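Line by line, the protein sequences give chains A and B.
Just so we're aligned: the first sequence equals residues -4 to 521 in my numbering.
Just so we're aligned: the second sequence equals residues -4 to 521 in my numbering.
I should point out that these hints are in silico values taken from the structure, not numbers from a laboratory.
It is possible that part of the hints are untrue.
Any copy, or any two copies together, can satisfy a pair, since identical chains are not distinguished.
To be verified - Here are the simulated SDA-like pairs of lysine to any residue, each with C-alpha atoms no more than 25 Å apart in a straight line:
id : residue 1 : residue 2
1  : Lys298    : Gly494
2  : Lys314    : Gly231
3  : Lys133    : Asp184
4  : Lys446    : Asn474
5  : Lys133    : Phe304
In this text, all values refer to a predicted model and were calculated from it rather than measured experimentally.
Read off the chains here:
Number of protein chains: 2
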Amino acid sequence: MADQDRRDFIRSAVGAAATVGVAAGLTGNAVAAAAGAPAITDTVTRPGHGPARSAGTGGQFSPIRAEVTILDCNIEGKLPVDLNGGFYATGPDPQYPMRQGNIIFDGEGHARLFRIRNGRVDYRTRWVKSERFVANDKARAQLFPMYRNPYMDDPRAKGLSRSTANTHVINHKGLILALKEDSPPVAMDLNTLETVDPVYTFDGQLPRDRAFTAHPKVCSKTGNIVAFGYEADGFGSASVAFFEIDKAGKKVWETKIPVPYCGLLHDFAVTENHIALFVVPLAFDPEQIKRGGIHWSWDKTLKSHLGWFRRYGDGKDVKWVQGPAQSGTHTMGAFEDAGRIHFDTEMTAGNPFPFMPNKDGSPPDLPGSVSTIYRISANLSGKTKGYEVKQLYALQAPLPKQDDRYNTMPYRYGYAACPDPTVAPGEVAGSCYARMDVQNGTYELWNAGPKVSLAEPVFAPKSVNSREGEGYLLGVAYNLDQNLRSDLVILDAERVKDGPIARVKLPVQASPQVHGWWVREDQYPA
Amino acid sequence: MADQDRRDFIRSAVGAAATVGVAAGLTGNAVAAAAGAPAITDTVTRPGHGPARSAGTGGQFSPIRAEVTILDCNIEGKLPVDLNGGFYATGPDPQYPMRQGNIIFDGEGHARLFRIRNGRVDYRTRWVKSERFVANDKARAQLFPMYRNPYMDDPRAKGLSRSTANTHVINHKGLILALKEDSPPVAMDLNTLETVDPVYTFDGQLPRDRAFTAHPKVCSKTGNIVAFGYEADGFGSASVAFFEIDKAGKKVWETKIPVPYCGLLHDFAVTENHIALFVVPLAFDPEQIKRGGIHWSWDKTLKSHLGWFRRYGDGKDVKWVQGPAQSGTHTMGAFEDAGRIHFDTEMTAGNPFPFMPNKDGSPPDLPGSVSTIYRISANLSGKTKGYEVKQLYALQAPLPKQDDRYNTMPYRYGYAACPDPTVAPGEVAGSCYARMDVQNGTYELWNAGPKVSLAEPVFAPKSVNSREGEGYLLGVAYNLDQNLRSDLVILDAERVKDGPIARVKLPVQASPQVHGWWVREDQYPA
């Protein structure tokens, strides 16, 4: 996570958790001040609710709660004529004030779209109308008050999908699927973002209680969606289901495998012939859950496990190798080569989310939560004791991306938001976009300056047939000195260091984003 | 117009008019600085368009262009349990960058609603989807580039209603009618603000080319809408049609009268038995129009004329008396008593809108544009040479209001936004809400401070049967130091000086407002 993003998360957590001590030694104001953002002094209440932070008082994960539509947005600079498609994203936006001790990851999903066509940009955000959102709105209360803790649910939550749909989006069959890793997708209209199915089971091909990862991959050869759902044998179970859905929506493969323990499986890796997963010690914590806490805690006594198995098989060939307690949350790319599997991911030495508790009660370990970019490699034979880890970049880039046409094959370019690595520790680093050339180990940067917080970028190819990297890098810049009024910045992905060639100037704060996705013009229904 | 509002208008005009010299000697930045708002330094362009001001860079008439929906808004303080209904408004929001020399009054209508029920507030804004708006959106251009100047229209504008629907709103038969005085209303859904009829002719009872005032009155006895349309015999004609529509939508009366000249008739007065109008020297200017300018110019060689005639008659009894060139734009209240008619209005000694040209080419007369509150009176017999004018309040209140249940009968209380009159000239006066007791000549104020720009308030009675003045005063406060992030402030209308009892905290700039209207809960369809 970039410094700025990390501060936003921490600030959000601290703002919501108040004096809970999740981030002992830090106060919301202190963190906000450190980030150069206005201090959190503005609290509002609603009848029956505790204090809630106002919009615009924190970083990019400040609540906005406003559905927004802007036709023909103002543009500064020159919008490329060969940029046509849609930039979709979702992120957590607290529908109701959050319970003390809960975390920003539990805000309701707020989806957005920059629809770009023929030199025109229309902007639209909509709450994902999940079963949970609709029930909360009716109740005027948060019926699911603690992150993935069903014991804390209000009785009115019974039987409803828990999905907040706040993590990622992907297009499928003319729909946008809003994803949360603990539940089935929520399906939205590709153009309007209106919710069309709050529990999307691919026409009944997946059980209604089957989780669906927030990071499915699109097979570079077939266009199939390759996905998984953990806790596949019930709440807290150490079992993961894998499945592949073709472009027509038909499930063409499914299997289930046991994992060493129920640890966070936020993302995974898919190569031409294999699937790899990295089980990390942010583990299911039943005692903490019974005490009213969140789903996970960091258990440094556990090992990290890399596993892999053949696609389209029964999963019984899975091989596991171990390493020390460490984390890898987001995959940049993966491929296999000469009998080895390579899994490029950001990694941390400890708990990647310092606002999640440590099982031993120790305070947040900020240095241990710093992500940089690594390559995990292993022999596919499994005849090695562990996995190899090599740092590719010291960039603090918790949300690395690639050209999504290369999800399952060798790739050259990665993209990420990160603080400027050339700024001395202790000084305020500007928020940057980086393009990494992972084949030759170089990178280039554009620094947006210290008064901006950049969200995760997406890569938009000029066309379906463009060579890798030929296209644009798009990302949202939240202006910390303008009450979070935001711009969509558009860079030539082959000239990142030159900075934006166009800015879409929003009159308001953009909705919060965790992950985004680009839908090419050729992927829209005629 | 309150000082703040006037500055906003001027700033908007200057921003749009750029170097045109409409407001010679003033620059946008200088005016903005005087108002304590950020200077206008941020310009954006779109292909084929000139520079446009960005949102948040000026006062309350800054473009926002974002349709917004917020469910269950955050509230600070305690929302009264007996405040139930809807606060509707509309205002000009430039859909496309404005042509040099055009005025902010020509921005497309952007309607909004604060729906208040059972302690919950939902906020919603929608562009009024007028014929003009829809055509502009399709063309990606302003097809009506100059204020009420058909000679400047793009050919694609031909045959379309010119209404911007940006001035006022009123409820009728379960609809909200968005009004612009040069065209028929645009009808919107009362709950969603979606446009249901872009040219609302009351089921064909009014011609499609008949203007409809932005300030109809609701008869205190019958609930009928009393309205008029000027230029009733064609473009620039000195002829005014009057009509009355009952609650069921039936036109129950209509007549037409000639007026001394085609001058601005923005508002009028209706009493139990009479209709009065005040024709002012902001006059139709055909030469200016042919030169590509706006509809009106201030012709100080003309006299102001007060006229009145009996309701439900043929208008042939109309009586006219004259006074010096002066203006009265907005009616606060009117009534008849002991053979006299009394017409309370804000008045100016000169051109009330200094961004509109003076016919003689003289520069804007800012002192002459300052509104204060007057009572115009005349003997109904007409046996007097002129009309009497008495200042009721020295408050600079260009948008005075009353409890709208008293539109056509004697009333006691008026309400307005105005600068604090106790602040010495040259110092920055805070923006205030005032309640005036016109029966005893007193007033009380709440001062929101110098970093706030207050829009016109509305009065919301606690119930249909509440005594006059028993209810709430609602208004939008634009925070000049928070990128125009806005609050709805709610005051006890009988304790205005105590300030807000509740604030609805928006995360964004509220849409621009000229006038607003309160719809009581009992006026919503079941």
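- Query: Which numbered hints are broken by the structure, listed smallest first?
  - Reply: 1 and 5
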